[in-house]
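Colleague: Starting from the given sequences, assemble the full structure and let the hints guide the process.
Same order as they appear, the protein sequences are chains A and B.
Each residue of the first sequence is one higher than the one before, starting from 1 at the first, in our numbering.
Each residue of the second sequence is one higher than the one before, starting from 1001 at the first, in our numbering.
Derived from the structure by calculation, the hints contain no laboratory data.
You may find that some hints are simply not true.
[What the hints assert, rightly or not] Calculated lysine-lysine pairs in the DSS-like style (CA-CA distance at most 25 Å, straight line):
#, chain 1, residue 1, chain 2, residue 2
1, A, 69, B, 1223
2, B, 1053, A, 69
3, B, 1254, B, 1223
4, B, 1223, B, 1077
5, B, 1031, B, 1077
[Claimed, not checked] Label-pair restraints from in silico Cβ distances:
#, chain 1, residue 1, chain 2, residue 2, range
6, A, 250, B, 1174, 38 to 48 Å
7, B, 1152, A, 64, 28 to 38 Å
8, B, 1174, A, 207, 39 to 49 Å
[Claimed, not checked] Some, not all, of what chain A presents toward chain B, calculated at C-beta under 10 Å:
#, residue
9, 65
10, 84
11, 88
12, 94
13, 117
14, 120
15, 153
16, 210
17, 220
18, 305
19, 307
20, 308
21, 320
22, 327
23, 328
Cβ coordinates follow ideal geometry from the N, Cα and C atoms, glycine included.
The residues making up each chain are set out below.
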Amino acid sequence: MADVQTLALAPPQPAPTAPRLGRLSAYFGTPGNTLISVLSIAAVVFIAKLAFGWLVVDAVFSGNGETCKAASGACWPFVAQKLRYMLFGFYPYDEQWRPMLALLLLFAAFLFSMMPRFWSRGLLLGWILLVLPVLYILMAGGVFGLTPVATTSWGGLPLSFMLSFVGLTLAMPLGIVLALARASNLPAIRVLAVGFIEIVRGVPLISILFMATVMLPLFMPEGVTIDKLLRAQVAIILFASAYIAEIVRGGLQDVPAGQYEAGSSLGLHYWQVMRKIVLPQALKKVIPPMVGLFIGFFQDTTLVTIVGLVDFLDTVRSAIRDPQWQGIAVLEGYLVAAAVYFTFSALMGAYSRFLEKHFRTTHA
Amino acid sequence: MKQALLSICAAALGLTMAGQASAAGTLETVKARGKLVCGVSLATPGFAAPDDKGRMQGFDADICRSIAAAVFGDGDKVEFVPTNINTRFQALQSGEIDVLSRQTTHTFSRDASLGLDFGPTVFYDGQGLMVAKSLGVTSAKELTEAAICTLPGTTTAQNISDFFRAINGKFELVVFESPDENRAAFYSGRCEAITSDRSDLASIRAVANNPDDYVVLPETISKEPLAPAFRQNDSNWGDIVSWSVWLLMAAEEKGITQANVDEMLKSEDPDVQRMLGATEELGKMLGLDNNWGYSIIKSVGNYGEVFERNLGEGTRLGLTRGPNALWNAGGLIYSPPIR
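Modeller: Here is the structure:
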């Protein structure tokens, strides 16, 4: 008891004050550390110099394929000339303001929806009744004097974004329902959910895409076809929902049983307990793995090239093969693709950290 | 009311009800839609590749345009659907595209088992081998124990195996997933030789730092007649595809070009008059406008012009006509009489 007293009364330990140059001593404290630090700095400087030389000093800023072939640096005229194609693919050239506007609208809508203070039922309705229809009308046309553009002409960045972000947004509720079903007390529902999740997770995304694009049309009655883009989109939604379900289930298991019981004893029915007590706690806990999954999926949508949809990576690849530039600007093309994918993946990562911070509550 | 609800539901699901149309034949479907849907490859320079504005350019794309011109009198009423090797036949079978013009080799098993038919050969290709001149090899038979770069799938790997088995030669096949890696591996010396269709080898050679350092060996180890394909059991549509192609060839034979087609309308030659619809009513027999031939030439030019514009010696591919010259110039391009 006395020990406890002294412990409790002991003055707070002063934080060990770092000696002068404490930061540096971590890097240069010992001969070994010094060696590693010097080598690392040299490597970084060397690579930075190479990259700067290639990107700027030796780079070609105007000209054509021939000037690029003669130079040793990056070939920026290629990027300038091909950018619109890389971004929008086969979308009719004169109508490309439409996918551009759709992209901006999508960004704006996402930016707005990302702020927790706007989260409400109205926002959800706004997405379903306003944002998605407007996006679709912008892309497809056919009304308000917009030229109709078939989904087979959609390509590039809008296609990638639609497949991944719209896919994940729609997969999210489905995944949550699946997770709840899997944790259900009703055997029939549980078995169905487990069956769906395990089958979908047991099959690679490529084979599901193939089933959706190659096999499905053969089962349809003659003369009836479902849009190829829609088939791929549904395949991605189903696939993502199975993974989301498992992540959410992990979160659900982490919520103490007392929370369920407390909810029930207050007289709340199942959905109220879930919506007001369990899910908010469960979802908060799974933000990091969920965002990891989202980033992975954003990049996995490049697999749709296999089934003949022309996504952003595919427009970049086909731009590289243009006879005017073939074999000249390979790295530049992939660099553009990498920059775009990196930017959006990094944004998602940053948003994830923001959410974690925002929802950090102590249960002390 | 029920019908209306049903069609709204179908539209919401993205279903396209083409039931009646498919019973009526491809031509009616195409006409009702107002444009031809043509399956091409996504990025094969010279055959089908998008330009800076995303407009499909190339030999295969122009074959599509000529069919669209025959049907609509306007070669631009065509929607290009990029297909890949995995999905091209299925896209045709399911009715997603009306015609497949995608460097597809006409073979027995494809013709017999895939539920499709082939039109006339538009390009006679064949698999070849390319090596560095410094290797000092003049024939593929001298390649012993060589590493050979190629792309996966299709028949390329099989052909090269068959060729070396026949001459009891040894070789090592190095397979790359993408054309860029394949080409880079060859130029970096990973392989002594690279194999592909000769037209493709020409485009690979064209991007070398110094094309003169490389030579395509004389052997052609396979026959690759490339032809447009369409669904079988639709003779009328098949006729339209075939005769659109043949008209391109016949026009070259008669010297009708995109530039002089208007003057040629007044030609005294009865063959030319028939082709351009100045006399008789050949177009009507196919269910087309009578000026179908005029529209084709006005849109894309004749076979020779299409070839030179996309593949010929003025382009980066720099192909000579070779077997794709007219029959009366030593080639294999031969059109049945249009009368």
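Colleague: Tell me the hint numbers this structure goes against, listed in increasing order.
Modeller: Violated: hints 1, 3, 4, 8, 13, 14.
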